[in-house]
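For the protein sequence lines, the chains are B and P, in the order given.
Position one of the first sequence corresponds to residue 102 (the numbering used here), numbered consecutively onward.
Position one of the second sequence corresponds to residue 432 (the numbering used here), numbered consecutively onward.
There may be inaccurate statements among the hints.
Chain P stretches covered by chain B per the calculated footprint, using a threshold of three residues with CB under 8 Å from any CB of chain B [stated by the list, open to error]:
no., stretch
1, 454–460
2, 473–484
3, 487–497
4, 501–510
5, 553–559
No more than 27 Å apart at the CA atoms, straight line, and that leaves these computed lysine-lysine pairs for DSSO-like [as the list claims (entries may be wrong)]:
no., chain 1, residue 1, chain 2, residue 2
6, P, Lys-557, B, Lys-279
7, P, Lys-509, P, Lys-520
8, B, Lys-235, P, Lys-509
9, B, Lys-175, P, Lys-509
10, B, Lys-161, B, Lys-175
11, B, Lys-175, P, Lys-520
I should point out that these hints are in silico values taken from the structure, not numbers from a laboratory.
Using N, Cα and C, we set each Cβ at its ideal position, and we do this for glycine too.
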Amino acid sequence: MFEFSVGSVLSIVFVLGVVLVSAAMLIWVERRFLGFFSERLGPNRVGPFGVLQSIADVGKLITKEDWIPPFADKYTFVIAPIVVPVVMLLSFAVIPFAPGVGVMDLNIGLLWIFAMAGLGAYSAMLGGIASNNKFALLGGLRAAGQMISYEVFMGISILGVVMLGNSFNMRELVEAQKDGWFVLPQFVGFIVFVIAGLAETKRWPFDLAEGESEIISGFNTEYSGMKFGLFFVGEYIGMFLLAMLIPVLFFGGWLAPFGWDIGPPLVSGLLWMTIKTTFWIVFFILVRAALVRPRYDQLMNYGWLVMLPLSLLNLLITGAVVLYQGS
Amino acid sequence: MSVLFYASAFVSVLATLMAITRINVVHALLYFIVSLIALSVIFYTLGAHFAAALEVIVYAGAIMVMFLFVIMMLNLGKPTEEQERVWLKPGMWVGPSLLAAPLLVELVVMISGAKAQTQAGVINAKDVGIALFGPYVLAVELASLLLLAGLVGAYHLARK
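Take the sequences, apply the hints, and build the full model.
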């Protein structure tokens, strides 16, 4: 019960603690990095180097007036921001942190993550439609179109990994990469997955659903206080989830590269998982600092005319190779 | 497991009833999503893990999102709610209930005669795939033809 094994109390508390603390810290890390990338200092006032900035932010959000517009659909308006953090946290249940560290070992792990991602789309849509506001509705519509489209490519792009790993179980997928990471045979799938994943988390450069310069703040225009905070935290948990999913699916998860194991499997696994996740988080922040936001029609054209054919081709070729090798 | 089954079955039936009787279309849709998720839990308790995941991904995660997308486009306001209120008058329930009651009785009689299927074991994705592309391959091909027809039709309508 109090040792590290999948589903033990210690494991669950560890996973929950890591996810919540990291999501909160990410807000500060991102603002600090964005500051450095644009030759500013970023938030550095609260605590040493500003590490306590997130706590100050939460304090501010909680003490703000929690306003529900009289013209809004009250119940839907309240439910909408709860959906995204809940489904994102539920997704972490199947993520393998290290050998023996994780909440559950589900044989349909990868499908579980897709189910949760599909439900996550409701947050922005319900927020948009319940606000009864033109800009919120436009944001909700954009979010819906974008998330439906990019979920398709995201789903197809990982089928190559499933074929090579011969499983939907995340732990078995990691173990299957012992002899070589899937990023090499599945390079196209990997590129499509990263782009579609970014679009799925509605992060820059795919944050058209918010689009501050066009539609105020999109689907969360009418939200204030901690309700807005939940949308915000949900986005960061989603980013953290993506930064762990990419290593697990394409970069060997907890496995050390070139056999550079350090200490016992548990310590080594946690260490390598932390290194890989951190790399992807920094990459996402750098992407945000470097790229500009596309127009909506560009986003859709790019998705359906480039990403879909690419992912289908990848699926076809991987299937043919697996079939040829198997026969 | 049977406690879980009955609990989720109860939630599913109740949520479906609420979905039918709601006047606000977004609320009806939310209840329907709850019903679909409860159905997925039922699949899981019966050992059909793959079907449970597909239920959430396809129905709750894709088709219902499409519904909500269309609702956003249609701009349904107060007039629609008034119309719904008229349609959902108690008098309207008599005819359909009279017709549906014998079917419900027949269903209960049939189920009570059937032998209980307890826990056929876990059916994983591989078994589903072997069944689909083995004995049922013709059904898969027919379904794909139907989808292709839908795709061509949608393309034709959107071109105009």
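The hints, checked one at a time:
1. 454–460: holds (count 3)
2. 473–484: Answer holds; 4 residues pass the 8 Å Cβ test.
3. 487–497: This one holds; 7 residues, not fewer than the three required, reach chain B with a Cβ under 8 Å.
4. 501–510: holds (count 3)
5. 553–559: Per the Cβ count (3), the hint holds.
6. P:Lys-557 <-> B:Lys-279: holds (23 Å)
7. P:Lys-509 <-> P:Lys-520: Holds - the C-alpha atoms of P:Lys-520 and P:Lys-509 are around 17 Å apart, at most 27 Å.
8. B:Lys-235 <-> P:Lys-509: holds (17 Å)
9. B:Lys-175 <-> P:Lys-509: Given that 27 Å is the threshold and the Cα spacing comes to 16 Å, the pair holds.
10. B:Lys-161 <-> B:Lys-175: The hint holds at about 23 Å.
11. B:Lys-175 <-> P:Lys-520: This hinted pair holds, its Cα atoms lying about 25 Å apart.
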